[in-house]
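So the sequence lines, in the order shown, correspond to chains D and X.
Numbered by this note's numbering, the letters in the first sequence go through residues 1 to 507 in order.
Numbered by this note's numbering, the letters in the second sequence go through residues 1 to 331 in order.
Keep in mind the hints are simulated off the structure, nothing from the lab.
One or more hints might be untrue.
[What the hints assert, rightly or not] Restricting the straight-line Cα-Cα distance to at most 25 Å, the calculated cross-link-like pairs of lysine to aspartate or glutamate (DMTMM-like) are:
id : chain 1 : residue 1 : chain 2 : residue 2
1  : D       : K334      : D       : E211
2  : D       : K118      : D       : E107
3  : D       : K241      : D       : D267
4  : D       : K249      : D       : E284
5  : D       : K334      : X       : E260
6  : D       : K170      : D       : E212
7  : D       : K328      : X       : E213
8  : D       : K334      : X       : D222
9  : D       : K249      : D       : D452
As the structure is a prediction and not an experimental result, all values here were calculated from the model.
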Amino acid sequence: MTHACGDGPGDAVLSVRGLRKEFPGVIALDGVDFDVRRGEVHALLGANGAGKSTLIKIVSSLYQPDGGEIYLEGKKVSFASTAEAIRAGISVIYQDFALVPDLSAAENIFLGNEKLGKFNTIDRAAQHREAERLLELVGATFPPTALVSELGTGKRQQLEIAKALRGQAKVLILDEPTASLSHAEAERLFEVVRRLADEGVGIVYVSHRLEEIAPLVDRVTVLRDGVSAGTYPADAIDRGKIVSLITGKAGQATHQKRQGRQQAGDDAPLLEVRGLTRVGEFEELSFCVRPGEVVVLTGLVGAGRTELLETLFGVRPAHRGEVRIGGKTAAISKPQDAISSGIALIPEDRRGQGVSVIMSIGENIALPILRRFMGRLSLNRRRIADHADALIDRLAIRTPSAGTHAGALSGGNQQKVVLAKWLSTDARVFLFDEPTQGVDVGAKAEIYALIDALAAEGRGVLMVSSDLEEVLAVADRTLAMRSGRIVAEFENADLPASRIVDAITHG
Amino acid sequence: MSVTVSTKTPSEAGRKAPRTPTIDAAVLGPGLALLVMFIVYSIASPYFLTTQNITNVLVQSAPLLILAAGQTFALLMGGLDLSQGSIISLVSVVTATVMMNYGIVPGALLGIGSGIAVGLVNGFLVGRARIQPFIVTLGMLYIIAGLALVVSDGSTIFGLPRPDVDIFFWFGGGFVGPVPVPILIAAVLLGLAYFVLARTPIGRHIYAIGGNEQVAVMSGIDVGRVKIFIFAFSGAYAAVAGFMLSGRVISGQPLLGSGELLLQSIGAVIIGGTSIFGGRGGVLRTLLGVLVIAFMVNGLNLLTISTFTQQVIVGAIIILSAWVNSFRRRS
Ligand SMILES: Nc1ncnc2c1ncn2[C@@H]1O[C@H](COP(=O)(O)OP(=O)(O)OP(=O)(O)O)[C@@H](O)[C@H]1O
Ligand SMILES: [Mg+2]
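Just chain X, with the same shape it has in the complex (with noise of 0.2 Å):
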């Protein structure tokens, strides 16, 4: 276009500052919590920093890592995925039942699948019919963990077929050279989460609809597809702990996922410091989240403090980072 608009002479305000580098503020919180955690515990226990107990620790923390990066797709949005827990209990007795029948290739595939199923349906409800995430997954959270009863009939279902349940086995508890699997997995999906919302079109388009969704509306975003994307990668991502899980324990069990491991997935996204009205975070920041809290519950163990009292220092640190969050904000 050959248009000539005047340049305004650069003046005394409103010059361009010197950029200087700066590290994104919003992980000084829970990195600052982290190292703080390495350095108390390590002086307090001796056990603490072998080499050992850390890669037990990101071990464990490998479900919760891929689920805490599916929820941070939701929160982004402005929106929450409440289903994740029924769907790794889903995922794990249809592997399991299909498993017993027809081996682990279909197991995984009908397994996983049906996760993925499940957050489709999540999504096409709060894209195309346009219902609240919040209602949507809350509703979904009871009809699948309903399901994942009816399917089992309420029982855990054990002694899966050989050689199937070692390969089963080898996702939740192998390794590849000196490196468990489950980290291995953990790694690739973090990178995978990572690079779309960074460098993909729908991931920020994600970020506009979090930020403000009229705006990504009337800038020609299909609004709806991109939310049916978000609950089914969270799905896919959930299905994928479930199968981790189950494959750890090789049994499917109705229940695996009713425990705290929701709360745990949308604390960790909350301490990594992604707001809950969505447009800003990131997995990078989850990352630290999933961290501090595996830590935190890893070094509470090893000084034999309770697991009462460790869900209290669990919910305290949620509500810190989100009050040190606010700080950054105002300031």
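Excised from the complex, chain D in its bound form (with noise of 0.2 Å):
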């Protein structure tokens, strides 16, 4: 592999030379270089607010820089549209789906290029059997017909792929595509991203999960607060020194499991859940969560974890069985029950449920406590802005102010945002569904510290999670998920990823 970085575009199929982008407030990217030769996988890391998606978003002209310019195949291009963009062959799976809910796989996938038979009418035969051949490509397995609101996370992500696959794409961009993907998922969208690399197509490949980097990516590219920290040939580097290049220190940022529980078993179950079901769903669910005790839901997609958890937060109702808070009854048929039974949700579609992207971070975080910051006539706004930024600081969450607007934040702080919302409340139960997703490394050790805190306090933590590497990290104890049933339990973490990917799969 030649080390040709930095100068002419050469035989990169896309390059972007001095990319500039300033928002109100921040330096988005400042000055930056960056290749994708044909046939590789190329992986952009960096930290949360690093840069990455901006950079994205200029190249399929989303956005448009301040300064610098964008080689495709050696000549420079400056699109007017997104439209253009894709024609000219670059396409992109953004961080935040951009799909359309009310309407069918295969409409979605030919959204604005459909593709058109007699008269200009648009041909669904046609496109129901495109659709289908690039849905199998990816391997999903649900029908083009249907509907994405009935699809979902990890559903939804394997159409935005499909979605991309269907011109001639020269450049294929992912922006976290594993974020949502269980691993199996996961490994089944590794091969096909392979195998379009070797048909030649350049992919830039966005990823949080080191671990994703060695068996998949060719180059890597590190940015550090909107400057490029350097390109390297992924076999000429190590995951210390990746972390080290994303976070600017030296060393490792890596989570030191706290000692287990000392006195499991002897303390009354703090969350206790006898039969839960949701027909169709999950089916006669029993377990419990001890106060200082973190239990991990692992699965696939589609186990019912998420469902379990909206259940127990009273997003759904259940249709039987019984749930005990601190040993008695609690009666769950909404929200506003589940957080006055101390109750807290950190859901995972973070902007569908997590935080209003038009309120600013400082309203996001107070919302489900406003009433707290009542002062004898009104709300008192001082108040209100003294305690998000003590909690913007305590997470070290990336913003100009507590006044911005929560949807200019990149994706991992605004999973900080939903975290502060809710470490505000006096829960004593937390739920975690998936927290990590989209979360930078540094930042995931201080998610996990801070669900140790949580844990060390007394509190009990009830956590879905896909990825293995997080389960290992923090689960006091592990239950195996699979169709809407519990099928395994394992008592500590201590054990082999095996034995559990062994359970979730088979059961």
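Take the two lone chains and join them into the complex the hints point to.
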């Protein structure tokens, strides 16, 4: 592998030179050079807010740069619209999904690029056939006629990829594609990505899961604070080096698992679930979470884990079964009930359920506990702002101020806002649904530390995670779910990952 | 909590920018329009910039301001209240009918109460039965307009008893010292609306629902209750506007609110820059929107431009202001 980084576009299918982008209060990109060669998988890494998504959005002309050039196959380009960029062969799968919920999978795939038949009407049959082929290619099991609103996060991701593959992509950019995929689905995706690379497509791959780098990637570029920290061949760089490039600190940000609970078993359970059932989603679930315990629910996407958490939080009604909090039966039929019984949910669908992107960070954080900030007559805005500032500091949320609207934050920082929001409540039981999805290595360690701290204070944590590394890092006890049932329980996580994988896939 | 989280070293890019005090960019459009209008009109008509004219315009626009303040609540949650005009008619005839027999106090209470009741019904249908606000209030627009005609038997109720009728008129055309009562009432209600939206939990919850309803639900907000509040509030404001308008004409008129007041109220909120998708905006913007409409019409009248042409111009301003807002959002 040659080291032709930094000079002319050369053999690169896509190159950018001196790219600059400023937002009010932040310099997102500050003169970035970056090349993708034909047939390579090029990882773009960096901490939350480093500028990865911004770079991608400029390349696909969703944003206009404030400076710098873009070359496609050696020719300088400047697209007027995303449609033009797509036609030129640049396909992007965004971090925030861009699907229309009320259209079918096939209609979404061909949105804006419909296959036309006679009299310029849509040729549904042709679209259906092509959609079927694309969906199979990405390993999807749902039909082209499925409505997007019926699909879970994992399936939507597959659909996004299918959509990106429709045209003649020269460059395929994936912004954190595995964030919401299960292990098996991710493996499947890697195959597709490798195959496309072999066919000559240049692939840009953004991820916070460093364990994916070695098996998949040819070269690595790290962005730090809007500047490139260098491009390296993947086989010439190890994990420690990558982490220090991302965080800008020497040494490795690894999570020291805290000492497991000492007196497991003798405390009365904080959360007790008996025979909980939602027909078609999960059946007869019984388990408990003790004070100071971190219980992880793992399993494949579609195993019913998110549905379980949402039921515990009152978003969906249970059909049968009983939930007890601190020994008392809790009748939970809506989120207010859950919150007043001391439950908090950090949801998986961050932009749909977690943060309101048009509200300020401060308001988002204060939302569940606004009443606490009532002065004699009215809300005390000073105290709301102070409260937000304290949490912004504590969680190291990267933002110019608490008044910035949450939509301007990078994905990982939005997740921290959701965490901040629920940390302020007095919840005793925390439900986390894939809390480190899209969170950088440094922040991941911080979130694990927070979870540990919650447990150390005697609260109970029930967490859904598909990330095996994470399961092993934080769990006191692991429940493996498969098709709506708990199929195995592991007392502590000092066990080979293969046993968990075995349980969730074969039950 | 005793969590220690490493704070990242402040770095080159992504650093905090010095915060410059900014005025809400949304008010620039209507603010500028108002300024230009004042300049052009005062040059074109010597009468425009007189105390009497300005006072007149403000008195005339007081009911619209009250109406639009209520409407702002509905738009902020991403909804709409189409029943405001019909509420005005209903309040007018109920007040007059009751007053005829029992005097001003029962008349006012039952009249305004009937408007609040309509708002509550709207609220329950939107918040608990979960029907779209557009549909609920469109249906209500018809039902209540019809009810007003039924109550009054289709004719105007004149000849209200003295001395009650004088008090009634005071609300629509009286003075407290030098200040016209309608301006006073509108100012107080505007202040109250501002306070509720900006400074109370339920006000912030309205913004949260308009911004992302699902997030609001997941944050433990009783979304249904907030919606009931919104429509009751809008109904109450429409009722006060109806009471004031009836007082001015000292009669009960079943078609009092069937004119263009409703559309003006929605138009004023939009001109002010409140998003029709909810979550962004506020009543101070609406105040600007009302002033733009009121002075625009007044100036055109002074220049003896026909009401037909005036309609064309008001419509154009609504579209123009939405356009200006979309520029701001894109930049
Ligand atoms: N539309 C926007 N308006 C204002 N600021 C923005 C906007 N989009 C991004 N930013 C800011 O630009 C910086 C870079 O954000 P970007 O989304 O590119 O980060 P990222 O590397 O993709 O992070 P993550 O891994 O968390 O997704 C951040 O500080 C972010 O707050
Ligand atoms: Mg990103």
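Evaluated hints:
no.	hint	verdict
1	D:K334 <-> D:E211	39 Å, violated
2	D:K118 <-> D:E107	18 Å, holds
3	D:K241 <-> D:D267	43 Å, violated
4	D:K249 <-> D:E284	48 Å, violated
5	D:K334 <-> X:E260	41 Å, violated
6	D:K170 <-> D:E212	23 Å, holds
7	D:K328 <-> X:E213	31 Å, violated
8	D:K334 <-> X:D222	9 Å, holds
9	D:K249 <-> D:D452	23 Å, holds
Hints 1, 3, 4, 5, 7, counting from the list given before, are not met by this structure.
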